[in-house]
Amino acid sequence: MIEIEKDVKLKAIMGEYEKETKKKAIWRGNITQNFKKWQRGKKIYIDDKERICILASEDIKNKWQDFAVKNKISTLSKLIRESVEFYMTFKSKKFDFENISNITHYLKEPLTSIKGFSEILIQDHKHELSWDVLLKIRDIFDESNNLEERIDSLSLDKIMEEPHYDILIVDDDPS
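Take 1 as the starting number for the sequence shown in this note's numbering and just add one per residue.
A portion of the hints provided could be inaccurate.
Listed below are the simulated DSBU-like cross-link pairs for lysine-lysine, each with C-alpha atoms no more than 35 Å apart in a straight line [said to hold, decoys possible]:
#, residue 1, residue 2
1, Lys108, Lys126
2, Lys72, Lys24
3, Lys94, Lys61
4, Lys37, Lys24
5, Lys11, Lys24
6, Lys126, Lys94
7, Lys42, Lys24
8, Lys9, Lys24
9, Lys136, Lys108
10, Lys36, Lys24
11, Lys9, Lys22
12, Lys43, Lys23
13, Lys70, Lys108
14, Lys42, Lys11
15, Lys23, Lys61
16, Lys36, Lys72
17, Lys70, Lys94
18, Lys78, Lys19
19, Lys37, Lys22
20, Lys63, Lys43
21, Lys78, Lys94
22, Lys108, Lys72
23, Lys78, Lys22
24, Lys11, Lys36
25, Lys72, Lys91
26, Lys22, Lys42
It is worth saying that the hints were derived from the structure and are not from the lab.
Based on the sequences and whatever the hints tell you, model everything.
Have a look at this one:
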């Protein structure tokens, strides 16, 4: 009889807990830690989070974990949250991931001309130019190379590990 009273009392307390916190007192057949804390009078933080489950193969999970470790991301959950946030931010700004190769091409096209013309000026006209002008043209050439490397690092072709070739055709035939 006393045990039945305890069960009824416990169920009433659990009902009060669930009503107050909007959390379950029993989850998967076990009394939750939050319910035990609540019984002891500790504050239970109510958040509006919902559990989301992702099914992934062992290979993908290992790949994600390796990435997280290399990038000092503490958990897979954090990696997933940050990745989704990153994707949503860029998509909301109408960033077109599929069009990135066109963007890099449009950036590199005039850059290739600048590099080519500055190299021609250095090679073919170095005797006609003052030292200061020659140094400035050399700086333009060097900075163009640096910029090209930065653009290349953005390229999805590199991310997808496909070979990437840049071809510069200079027609130096005077005829």
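Cross-check of the supplied hints:
1. Lys108 to Lys126: Measuring from Cα to Cα gives roughly 25 Å; hence the hint holds.
2. Lys72 to Lys24: With a Cα-Cα distance of about 34 Å, the restraint between Lys72 and Lys24 holds, given a limit of 35 Å.
3. Lys94 to Lys61: holds (29 Å)
4. Lys37 to Lys24: Satisfied, since the Cα-Cα distance of roughly 13 Å is no more than 35 Å.
5. Lys11 to Lys24: Satisfied, since the Cα-Cα distance of roughly 12 Å is no more than 35 Å.
6. Lys126 to Lys94: Violated, at about 46 Å.
7. Lys42 to Lys24: holds (16 Å)
8. Lys9 to Lys24: Within the cut-off at roughly 17 Å; holds.
9. Lys136 to Lys108: holds (21 Å)
10. Lys36 to Lys24: Satisfied, since the Cα-Cα distance of roughly 12 Å is no more than 35 Å.
11. Lys9 to Lys22: holds (19 Å)
12. Lys43 to Lys23: holds (13 Å)
13. Lys70 to Lys108: holds (31 Å)
14. Lys42 to Lys11: Answer holds: Lys42 to Lys11 is near 19 Å, not above 35 Å.
15. Lys23 to Lys61: Answer holds: Lys23 to Lys61 is near 30 Å, not above 35 Å.
16. Lys36 to Lys72: holds (34 Å)
17. Lys70 to Lys94: Between Lys70 and Lys94 the Cα gap is close to 29 Å, so the pair holds against 35 Å.
18. Lys78 to Lys19: With Cα atoms ~30 Å apart, Lys78 and Lys19 stay inside 35 Å; holds.
19. Lys37 to Lys22: Holds, at about 15 Å.
20. Lys63 to Lys43: Not satisfied, since the Cα-Cα distance of roughly 38 Å exceeds 35 Å.
21. Lys78 to Lys94: The given pair, whose Cα atoms are some 24 Å apart, holds under the 35 Å limit.
22. Lys108 to Lys72: holds (33 Å)
23. Lys78 to Lys22: Cα-Cα ~25 Å, so holds.
24. Lys11 to Lys36: holds (13 Å)
25. Lys72 to Lys91: Holds: Lys72 and Lys91 sit about 25 Å apart, inside 35 Å.
26. Lys22 to Lys42: Holds: Lys22 and Lys42 sit about 16 Å apart, inside 35 Å.
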